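Novice: In case you want the letters, here they are:
4 protein chains.
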Amino acid sequence: MKLFFKFLQIAIFVLPMIAMRQDKPLKVIFFGDSITQAGVNPTGYITQMGEMLKAKNQSNQYELIGAGIGGNKVYDLYLRLEDDVLSKKPDVVFIYVGINDVWHKASSGTGTDPDKYVKFYEALIKKMKAQNIRVIVCTPTVIGERTDNSNQHDGDLNQYSKLIREIASRNSLQLCDLRKHFADHLIQNNPENKEKGILTTDRVHLTDAGNKFLAEKMLEALVQK
Amino acid sequence: MKLFFKFLQIAIFVLPMIAMRQDKPLKVIFFGDSITQAGVNPTGYITQMGEMLKAKNQSNQYELIGAGIGGNKVYDLYLRLEDDVLSKKPDVVFIYVGINDVWHKASSGTGTDPDKYVKFYEALIKKMKAQNIRVIVCTPTVIGERTDNSNQHDGDLNQYSKLIREIASRNSLQLCDLRKHFADHLIQNNPENKEKGILTTDRVHLTDAGNKFLAEKMLEALVQK
Amino acid sequence: MKLFFKFLQIAIFVLPMIAMRQDKPLKVIFFGDSITQAGVNPTGYITQMGEMLKAKNQSNQYELIGAGIGGNKVYDLYLRLEDDVLSKKPDVVFIYVGINDVWHKASSGTGTDPDKYVKFYEALIKKMKAQNIRVIVCTPTVIGERTDNSNQHDGDLNQYSKLIREIASRNSLQLCDLRKHFADHLIQNNPENKEKGILTTDRVHLTDAGNKFLAEKMLEALVQK
Amino acid sequence: MKLFFKFLQIAIFVLPMIAMRQDKPLKVIFFGDSITQAGVNPTGYITQMGEMLKAKNQSNQYELIGAGIGGNKVYDLYLRLEDDVLSKKPDVVFIYVGINDVWHKASSGTGTDPDKYVKFYEALIKKMKAQNIRVIVCTPTVIGERTDNSNQHDGDLNQYSKLIREIASRNSLQLCDLRKHFADHLIQNNPENKEKGILTTDRVHLTDAGNKFLAEKMLEALVQK
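First to last, the protein sequences are chains A, B, C and D.
Following the UniProt record's numbering, the numbering of the first sequence begins with 1 at its first residue and continues without gaps.
Following the UniProt record's numbering, the numbering of the second sequence begins with 1 at its first residue and continues without gaps.
Following the UniProt record's numbering, the numbering of the third sequence begins with 1 at its first residue and continues without gaps.
Following the UniProt record's numbering, the numbering of the fourth sequence begins with 1 at its first residue and continues without gaps.
If you're looking for bench data, these hints aren't it; they were derived computationally from the structure.
Small disclaimer: the values here were computed from a predicted structure and weren't measured.
Heads up, the beta-carbon is just placed ideally off N, CA and C, and yes, glycines get one too.
Among the hints, a few may not be true.
[Stated by the list, open to error] One-sided and incomplete, this derived list gives chain B residues near chain C with beta-carbon spacing under 10 angstroms:
1. K105
2. G109
3. G144
4. R146
5. D148
6. N149
7. S150
8. H153
9. D154
10. G155
11. D156
12. Q159
13. Y160
14. I187
[Unchecked claim] In silico DSS-like cross-links for lysine-lysine, where the CA-CA straight-line distance does not exceed 30 angstroms:
15. D:K162 x D:K196
16. A:K88 x B:K119
17. A:K88 x A:K126
18. A:K180 x A:K56
19. A:K88 x B:K126
20. D:K27 x C:K127
21. C:K88 x C:K217
22. A:K129 x B:K88
23. B:K127 x A:K127
24. D:K119 x D:K129
25. D:K180 x C:K126
26. A:K119 x B:K88
27. A:K119 x B:K180
28. C:K27 x D:K27
29. B:K180 x B:K162
30. D:K27 x D:K129
31. D:K119 x D:K88
32. D:K88 x C:K127
33. D:K196 x A:K119
34. B:K88 x B:K54
35. A:K24 x A:K127
36. A:K27 x B:K119
37. A:K180 x D:K180
38. C:K196 x C:K180
The task is simple: from the sequences and hints, build the whole structure.
Specialist: The following block contains the structure:
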């Protein structure tokens, strides 16, 4: 009899959770640029995250959705926020944008000023928070893998990363500090101070190893409470 | 008796309209950059439009509202569209933006690519049309007053102006072709092919004469049906 | 008797000139960027000029030498002036540079300011004149073939072309106004206002037709007195 | 007798050299941009170096000559090398250029590509060495005083500094590593990580303290053997 009550007690708490879990996996959207667009490729970081979850028998707990478009800057995300994120009612959104905001300054004269970068970034966050989305903000990775801050855009990338860390702090958001993760990894794994070839193929876009590394770091952030 | 009812019928419909006209002037918002921000200064183009309307005894028919912020590009307008335009329920909106989208390419590496310029421009229009606003689109004026297409940014300004003309046509909107108006005026009034000093003080921002000229052209567009 | 002396007089002056002409062809150097580098290819403009001269049986009167290097701007020509031009003792030099000086402003942030463009251009001329070289200056052709001044860099290219025309005039040099020649040709032959495909393959580098057209215009300039 | 001649022989060669030394101070030219142009102002770094030498009673041993022009990049130095340096027959030349080569990329699209920077730099050195000038090469100081590599141009400045260190090493030249000196000083003296106000007034041009610091470092380099 006691046992029956115990079972009942457990059932009352656990069964609904199992039900919820089975019915509705956590919907996670990756909102970003070409790196994220390539993230759903066979060896892309989103695909690899899915495989990592499968290996842990947690596939059914997460629905991973790529929402990356090549060349996107922060204001492009803002323009398609409703269609590509809000309307999909996600539980979690990773915002991973900033490389083009810096890079395009030199390559086509169409980058984003830092003050406007922050303005649009916070406008994104405000609308997501209004929909109770758990937002995880990521610092931009790299444009060049040299480890001595001598890649052309390092100063700007460091600056924009600081701005994102401040945004995370100011808005009490979870930070996935990809730029720091990459720097720490490269210090160990790029002894020749090469410009590319370790985590990136072309200074920006990821090798399979780069995608794997990113997948690990984002998964850590995702499961972290 | 029949006549009386007919009169009554008309009165029921028409009198309120007359009343409405007197009670509610047409609300006109000028949505733009630093030129529009300066438009509400004592000799600014919006102020001068107001004086022109007063001289015609039509002051009470129009409410002119400046909504210009220095340095704004098309995506900045999109970010503040709700707060600075839609929430104010205007009847008419002049969109006058594009100079910084071109200019900042060279001066800070933060201009706007033409395809994105169009994308944000049409997003602005879509939201305004959904609120039944009469939208008047303006081509960007000048960065330099030389008349032989030898100002540094003439190629780009001509390109963006063509894009706006196409937007107007595609969306059946009224066009206020300021760049053409300026070109026509300068051909007549800049025989020495000077870079500034006729309609602008500094190649971009308007002299009193420039503001007056702009006021005339915008007023023509406003009263035109 | 008088006639004999007259004949003798003429012979004294003319015969050596004929002799010289036959012994020593006029050495012509084309000094420029990637367009000139490609000029010595099988269908390049310098090769085609050679064939045009051959068709007129004048091959032996001219030695045509390409001295173009991809990506060169006016100051790059200055750096290699001694090695690639002066030391070769040419009779004639075509200077054809300016496209990269304008283009690289947007594509890599490393174009040339107009005042410095003029400064280096005149430094080139001064050193060539000191060696009695006949200098022919060329205006830059195109970055984009649209005929309504709506190619991004048209304003700047028009400006730099004016600067070259002024340099020619100020230094009493022969002008080969390629930009004007291209514009006149495209007005006739680009009715659809296409960006490329008539004289250029990619808005800048020349099609076979473009090389032929350039060869004709340069040959006209070369034989002109 | 033999000894007397030997002595005489030595005297003939050595005495004038000693005399020359006393009569002819070491001629030192500072070859650079606006920072060097301002170096001859009352509190400029060249003026302060002069005062430091005076305090050590060594004024008569050095003639310090400023040859800085605002906005200069490496190729501008090359253009005026003959007139402003070689023709003056200096004993020592400080080359201090690079800030504009980096900075103008963003501010006007007219910076200098790194490979061309090296090319012109080595062309400068080659001509100076041919005239037996002792060349001291300086790394560029700063565009922004933040100490965490988050000034916009830090990546590029670090890159160009490395290129200069390689040039020094490859050409066996003395290096005055101003960028390193500034970094070391700012780590100690800029605890708030300010962008300007310690050694610079505006992120680039020097405060009196900045000029003093520069003067000390250059003087160290000058007297060093």
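Novice: Hint by hint, say whether it matches the structure.
Specialist: For each hint, the structure was consulted:
1. K105: The hint holds - K105 (chain B) has a Cβ within 10 angstroms of chain C, the shortest such distance being about 6 angstroms.
2. G109: Interface hint status for G109 (chain B): holds (7 angstroms vs cutoff 10 angstroms).
3. G144: 8 angstroms, holds
4. R146: OK, holds: R146 (chain B) within 10 angstroms of chain C, min 8 angstroms.
5. D148: 7 angstroms, holds
6. N149: Because about 4 angstroms separates N149 (chain B) from the closest Cβ in chain C, which is inside the 10 angstroms limit, the hint holds.
7. S150: For S150 (chain B), the interface hint holds, since the closest Cβ of chain C sits about 4 angstroms away, which is under 10 angstroms.
8. H153: 5 angstroms, holds
9. D154: With a minimum Cβ separation of about 3 angstroms from chain C (threshold 10 angstroms), the hint on D154 (chain B) holds.
10. G155: It holds, given that the least Cβ distance between G155 (chain B) and chain C is near 3 angstroms, below 10 angstroms.
11. D156: D156 (chain B) check passes; min Cβ-Cβ to chain C is 5 angstroms, inside 10 angstroms.
12. Q159: Since chain C brings a Cβ to about 4 angstroms from Q159 (chain B), closer than 10 angstroms, the hint holds.
13. Y160: 9 angstroms, holds
14. I187: 14 angstroms, violated
15. D:K162 x D:K196: Satisfied, since the Cα-Cα distance of roughly 24 angstroms is no more than 30 angstroms.
16. A:K88 x B:K119: Between K88 (chain A) and K119 (chain B) the Cα gap is close to 22 angstroms, so the pair holds against 30 angstroms.
17. A:K88 x A:K126: 17 angstroms, holds
18. A:K180 x A:K56: Holds, because 26 angstroms separates the two Cα atoms, which is no more than 30 angstroms.
19. A:K88 x B:K126: 22 angstroms, holds
20. D:K27 x C:K127: 29 angstroms, holds
21. C:K88 x C:K217: Status holds; Cα separation ~24 angstroms.
22. A:K129 x B:K88: 25 angstroms, holds
23. B:K127 x A:K127: 17 angstroms, holds
24. D:K119 x D:K129: Given that 30 angstroms is the threshold and the Cα spacing comes to 15 angstroms, the pair holds.
25. D:K180 x C:K126: Judged against 30 angstroms, a Cα distance of about 41 angstroms means the pair is violated.
26. A:K119 x B:K88: This hinted pair holds, its Cα atoms lying about 22 angstroms apart.
27. A:K119 x B:K180: Distance ~34 angstroms between K119 (chain A) and K180 (chain B) Cα, so the pair is violated.
28. C:K27 x D:K27: Judged against 30 angstroms, a Cα distance of about 44 angstroms means the pair is violated.
29. B:K180 x B:K162: Holds - the C-alpha atoms of K162 (chain B) and K180 (chain B) are around 11 angstroms apart, at most 30 angstroms.
30. D:K27 x D:K129: 15 angstroms, holds
31. D:K119 x D:K88: 24 angstroms, holds
32. D:K88 x C:K127: With Cα atoms ~21 angstroms apart, K88 (chain D) and K127 (chain C) stay inside 30 angstroms; holds.
33. D:K196 x A:K119: With a Cα-Cα distance of about 24 angstroms, the restraint between K196 (chain D) and K119 (chain A) holds, given a limit of 30 angstroms.
34. B:K88 x B:K54: The given pair, whose Cα atoms are some 23 angstroms apart, holds under the 30 angstroms limit.
35. A:K24 x A:K127: Holds: K24 (chain A) and K127 (chain A) sit about 23 angstroms apart, inside 30 angstroms.
36. A:K27 x B:K119: 29 angstroms, holds
37. A:K180 x D:K180: 24 angstroms, holds
38. C:K196 x C:K180: 17 angstroms, holds
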